[in-house]
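Could you build the full structure based on these sequences and the hints that come with them?
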Amino acid sequence: MKIIYTLRKSKRARTIRISINHEARVMVTIPRLMPEFFADRFVKKNSKWILTNLEKVRLKGPVFQLKGSRNEYLTDKVRAKKIAEEKLAEFNKFYNFNVRRIAIRNTKSRWGSCSKKGNINFNYKIAQLPEKLANYLVVHELCHIEQMNHSSKFWDLVKKTVPDYKARRKELRNFKP
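Heads up: the sequence shown runs through residues 8 to 184, numbered per this note's numbering.
Don't read these hints as lab results, they were simulated from the structure. Positions of the beta carbon are idealized from the N, C-alpha and C atoms, including for glycine. A portion of the hints provided could be inaccurate.
[What the hints assert, rightly or not] Derived DEER-like restraints, expressed as beta-carbon distance ranges:
(1) 182 <-> 17: 43 to 53 Å
(2) 96 <-> 158: 21 to 31 Å
(3) 123 <-> 170: 23 to 33 Å
(4) 55 <-> 97: 45 to 55 Å
[As the list claims (entries may be wrong)] Pairs of lysine-lysine residues, derived as DSS-like cross-links and limited to a Cα-Cα distance of at most 27 Å, are as follows:
(5) 124 <-> 167
(6) 89 <-> 123
(7) 183 <-> 88
(8) 16 <-> 94
(9) 55 <-> 84
(10) 124 <-> 160
(11) 160 <-> 177
(12) 100 <-> 160
(13) 88 <-> 139
(14) 139 <-> 167
(15) 89 <-> 115
(16) 88 <-> 63
(17) 100 <-> 84
(18) 100 <-> 9
(19) 51 <-> 88
(20) 123 <-> 160
(21) 166 <-> 100
(22) 63 <-> 173
(23) 100 <-> 115
(24) 173 <-> 100
(25) 55 <-> 94
(26) 63 <-> 18
(27) 63 <-> 9
(28) 167 <-> 177
(29) 139 <-> 89
(30) 84 <-> 94
(31) 63 <-> 94
(32) 123 <-> 100
(33) 18 <-> 94
(34) 55 <-> 16
(35) 84 <-> 183
Here it is, written out as structure tokens:
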């Protein structure tokens, strides 16, 4: 079976990398100066892994692409900031962590992030999520202020205000930032 893939040359790539996106498209990234035939050889060598993972992506079902035009971005950015600030204030009454700054960004693959300094970033599409998923997202990032990892201590913190976090986390996978 011939595997169709998109080839991407990258200045930053040091090795060949294969990735499969949520739409079951295969992307092969190679260093900029590497000849393209190496990609073909690499795909053939890893065809079993690719086919296995393509099937996994297809079985997962559709991933919902949330809308994102420029006007929606500007409108949702304001809404997202309000939602994030309100929910952080609400949940932080329980945790009492030191949140330094909240920012809303247009990120391609992340719902949120937290820095060691206590800065929390959220994707503007948090404004389009169901409330229970937005709550989970806020609590998740808030708990990273205390635990900058995904250890059992981190999940114990999350569980204190979102006991069904596993179900919400799984449901969030149906939405693409």
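We went through each hint and held it up to the structure:
1. 182 <-> 17: 43 to 53 Å: For residue 182 and residue 17 the Cβ distance comes to about 28 Å; the hint is violated.
2. 96 <-> 158: 21 to 31 Å: The hint (21 to 31 Å, Cβ to Cβ) holds, given that residue 96 and residue 158 are roughly 26 Å apart.
3. 123 <-> 170: 23 to 33 Å: holds, 27 Å
4. 55 <-> 97: 45 to 55 Å: For residue 55 and residue 97 the Cβ distance comes to about 48 Å; the hint holds.
5. 124 <-> 167: Answer holds: residue 124 to residue 167 is near 23 Å, not above 27 Å.
6. 89 <-> 123: holds, 23 Å
7. 183 <-> 88: Judged against 27 Å, a Cα distance of about 19 Å means the pair holds.
8. 16 <-> 94: violated, 41 Å
9. 55 <-> 84: Answer violated: residue 55 to residue 84 is near 42 Å, above 27 Å.
10. 124 <-> 160: Roughly 19 Å separates the two Cα atoms, so the pair holds.
11. 160 <-> 177: holds, 20 Å
12. 100 <-> 160: Satisfied, since the Cα-Cα distance of roughly 19 Å is no more than 27 Å.
13. 88 <-> 139: Judged against 27 Å, a Cα distance of about 17 Å means the pair holds.
14. 139 <-> 167: Measuring from Cα to Cα gives roughly 15 Å; hence the hint holds.
15. 89 <-> 115: holds, 21 Å
16. 88 <-> 63: It is violated: about 35 Å lies between the C-alpha atoms, which goes past 27 Å.
17. 100 <-> 84: holds, 24 Å
18. 100 <-> 9: violated, 56 Å
19. 51 <-> 88: violated, 47 Å
20. 123 <-> 160: This hinted pair holds, its Cα atoms lying about 17 Å apart.
21. 166 <-> 100: holds, 15 Å
22. 63 <-> 173: holds, 20 Å
23. 100 <-> 115: violated, 31 Å
24. 173 <-> 100: holds, 23 Å
25. 55 <-> 94: The given pair, whose Cα atoms are some 45 Å apart, is violated under the 27 Å limit.
26. 63 <-> 18: Outside the cut-off at roughly 30 Å; violated.
27. 63 <-> 9: holds, 18 Å
28. 167 <-> 177: holds, 18 Å
29. 139 <-> 89: holds, 16 Å
30. 84 <-> 94: holds, 15 Å
31. 63 <-> 94: violated, 35 Å
32. 123 <-> 100: With Cα atoms ~20 Å apart, residue 123 and residue 100 stay inside 27 Å; holds.
33. 18 <-> 94: Not satisfied, since the Cα-Cα distance of roughly 40 Å exceeds 27 Å.
34. 55 <-> 16: holds, 23 Å
35. 84 <-> 183: Holds, at roughly 17 Å.
Comparing the model with each numbered hint stated earlier shows that hints 1, 8, 9, 16, 18, 19, 23, 25, 26, 31, 33 do not hold.
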